[in-house]
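Since the structure of chain A is provided, determine the placement of chains B and C on it from the hints.
Residue numbers (my numbering), protein chains in the order written: chain A, 1 to 500; chain B, 1 to 149; chain C, 1 to 374.
It is possible that part of the hints are untrue.
Simulated coverage check for chain A against chain B, where a stretch passes if three residues somewhere in it have a Cβ under 8 Å from a Cβ of chain B [as the list claims (entries may be wrong)]: (1) 23 to 37; (2) 52 to 66; (3) 432 to 446.
It is worth saying that the hints were derived from the structure and are not from the lab. We put the CB at the ideal spot given by N, CA and C, even for glycine.
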Amino acid sequence: MALSLLTPMFKVERDEELCIQCKVCMRQCVNGVHWYDEEEDRMRCDHKKCVGCHRCVVLCPTGALTVKKYPLEFRENAHWTLDYIRSIYLQAETGGILLTGMGNDRPYPVYWDHMVLNASQVTNPSIDPLREPMELKTYLGRKPKAVEIKNGKLAEKLPPQLELDVPIMFSAMSFGSISLNAVKSLAQAARETGTFFNTGEGGLHRDLYEYGANTIVQVASGRFGVDPDYLKAGAGIEIKIGQGAKPGIGGHLPGEKVGPEVSATRMIPLGSDAISPAPHHDIYSIEDLRQLIFSLKEATNYEKPVGVKIAAVHNVAAIASGIARAGADFVAIDGFRGGTGAAPLRTRDNVGIPIEFALAAVDERLRREGIRNEVSIVVGGSIRNSADVVKAIALGADAVYIGTAALIALGCHLCQKCNTGKCNWGIATQDPYLVKRLNPEIGARRAANLIRAWAHEIKELLGGMGINAIESLRGNRLMLRGIGLNEKELSILGIKAAGE
Amino acid sequence: MKKVYVREEYCIGCHLCEVYCVMAHSRYPHDLLKAFKKGDPLPLPRLWVEEKGPLTFAFQCRHCEEPHCVSACITGALQKDTTTGVVTCEQERCVGCWTCVLACTYGAIRRDTKNGKMVKCDLCSNWGEPPACVYYCPNEALIFVERGE
Amino acid sequence: MGNFCEYLPSGCAISGIINKKGKRFNGERILESIAVMHERSNGLGGGFAAYGIYPEFKDHYALHVFYDSEKARTDTEQLLQERFHVDESGPVPTRPVRAITRPPLIWRYFVQVKPQQKEKQIFSVEADDYLVATVMEINEKIPGAFVVSSGKNMGVFKGVGYPEDIGEFYRIDEYQGYIWTAHGRFPTNTPGWWGGAHPFTLLDWSVVHNGEISSYGANKRFLEMFGYCCTLQTDTEVITYVFDFLVRKQGLPLELAVKVVAAPLWSEIELLDPEQKELLTTLRAVYGNLLLNGPFSIILATGREILALNDRIKLRPLTAAEKGDELYVASEEAAIRKICPHPDRVWMPDGGEPVIGRLQECIEKETTESAELA
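The shape of chain A in the complex, shown without the other chains (with noise of 0.2 Å):
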């Protein structure tokens, strides 16, 4: 077998001295970069095997364990780093198409990090939320453009909306691209802080039927999973077009995660490749698309909001103004940073734009055509904590999808091997021996004291603002300022700069 030229990625370092042979390491590698010299009586290693995860690190009970960046130094190359070298070595191995998993890990500017909020000083009180009531409700859906009063009365009722106690839910993650305790950790962790998860493209588990009420069921362009008693089960419908990661893609999960539960889930053959194709085959243009909008309405009884998931590309904002033209309830968009189950490297981390332009640019958009207030923007892809949710929010979102982050809560360590369907954390693996290692009572656990914790956070910075209530807060661009911005960067994002 010619050698390969691949070199280790991380070294896995030991300390002898807190050893204690125990092999928790070992049996928790499912890389198999540990293993127990009987002659020697000590743990050895294979650091290629290695991926950065930490499972060993953490469970190791006596701390003797670190992973560090492998040492190894190619010359010094401004043009030519390690990862494209690498890419090329693998590429010349394989011959095959790079593949990947989570965001997008270029170094490409982080606007979030270059917004700062403003707080009130003596021409306006701020806010103590222990002390003060401060409110985060959101209605997600239609609004009228009137409400129409008779006679003191209300004369038509609100359209269909999703009621979120706080305005962060968890991103479209399917079934078959996590794991069965990876979504129930999700759906409970939203029945319990009053917010939402959503399937994705894997259908809806029968044992996650009684999670409906917190449940956004999502049809894509495979329809995997889709029956009348799915769109009845939740409480809204999102149409996927696109994703932040891989915008302009399909998806691909392989046979071999295909078992028995996906399988009846996704209502396809046990083992079979389940290829979810690029574009919705009765999808080619806008009017396609609201065709789809009202069929699912038709199929729910219009009782249920049907929103569209898209991806933050060049021209978002008029595809988001004709995505609300066609009767979507709510846009979801979906920025470059998006994380992903699996897809190829060139296209998570080149194609796209950032979620903070997109937005700026959607709300905008919406509100220069005097339609902003009839449909809900959620946005996703690169929500990092509370701040990010409050900043989005100022510049127009109603309510955010945080993915990365919840699956941060349930115990990922951002090692990007999702698709190799090895993972150690029981998170992105249908593999029986990694995925108990999620218990879903701490993933849920987890996951509602993330919300919490934001919640917690957002009230603080509201008060801070003096305003007491979330939607005072939504599309108030006066409350960013940009620090370190170009006037163009500034203007996209229709912000002032710090001291203006």
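Just chains B and C now, kept in the frame of chain A:
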């Protein structure tokens, strides 16, 4: 009474329960490193992980209502504590006859051949609550609860 | 003049009187009332709104306009001539007051929409909208021109100075009105611009305001969708526009518009009967962006009524009193007692709880209308 139960669907087969059981019954019951580095000879773990394919679970004494091991014990070393319900073994009186091993329908008693004594789970009566295996189970597969049986 | 797309925070004094029988009285009492609260303003802005002062032109829009220059005046007048019948025009009468320096040119016009304009516009825009569009255009496009008020049978008199000096300057003792509101301003920063003083108006709406609208950015961007240009240096103008939008454009009763701007808490809505709960949930869900968030007390007036309102957690002072046919509202009780020493009732309204004083003829008319509908 509160007992240790395993939820095998969450048992990840890491064997940390065994590791901490050893620590709790060693000369350094609260210092894992010393227990292993200086505790020689190490005590046997009172519970152990059974494995078959992806199915794994930790297993230990059930502290039966009417324990056969207690009836069978020829020296009276094994007793069921009337207040706590814990089945305990008075080590000094154990003569290593292994009758209890034969009598236990669960196979939850092990032989410590080095010392010629039987060993079994004592629910960490001298260590704390919950027992070390439950306290340190990283996935909450082991729980210490009261269940009507 | 004044293309500042932001607001300047300010503290203030406000006062208002309505005679519910529509009996008119001159501006001396409101001037006395606001003068009591001298300490609450700093001489950088004062003003009055008066209703019922132009009965001889009650069907005309009365435009009060500030000009920086003669050119601004000729440009504006040309535009007005093109679009309206200008039936009377002239400078607003003033008297010299030592404390008032460098006033702009202050003119007023009584105009009606030309019939042919009406015809051209009739399908898309009502006469009111046409006037509003013109006001917005003048304020935004003609440098040095600013429309101070544009309602019927009403007018606003304001400027840079203490309110008592401003009242003297404008000779408000010579006008007879059945509603008067007043404002003394304490801006923490000001370019000393006359247009920046309160009241702010649009058509018959006028607002005097004490406080800061922290939701300004959200309110402003919402209103901009519907053609309102928030071009002034104050958050107060959005209050005017919010009410104009909700009541005139969206057709909400004033009582429900109040539930939008000072929305009940969700926890309070939760406790209401199902019908009310649905109504208020709908209002908040649809008009959430028009919630006025932050500390404020305001007095809003139209030709039919006055409305005094606090923010929903009452972060600014507001007192109300009644005597006979008159309703008084002011930042401080002293300002009421000064002109009405023995009111029948004095109270401090809760946060978000509106005090509404309506002309009796309007109430009677509504009752007949709703009886007819029923």
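Violated hints - listed by number, lowest first: Per hint list: zero violations.
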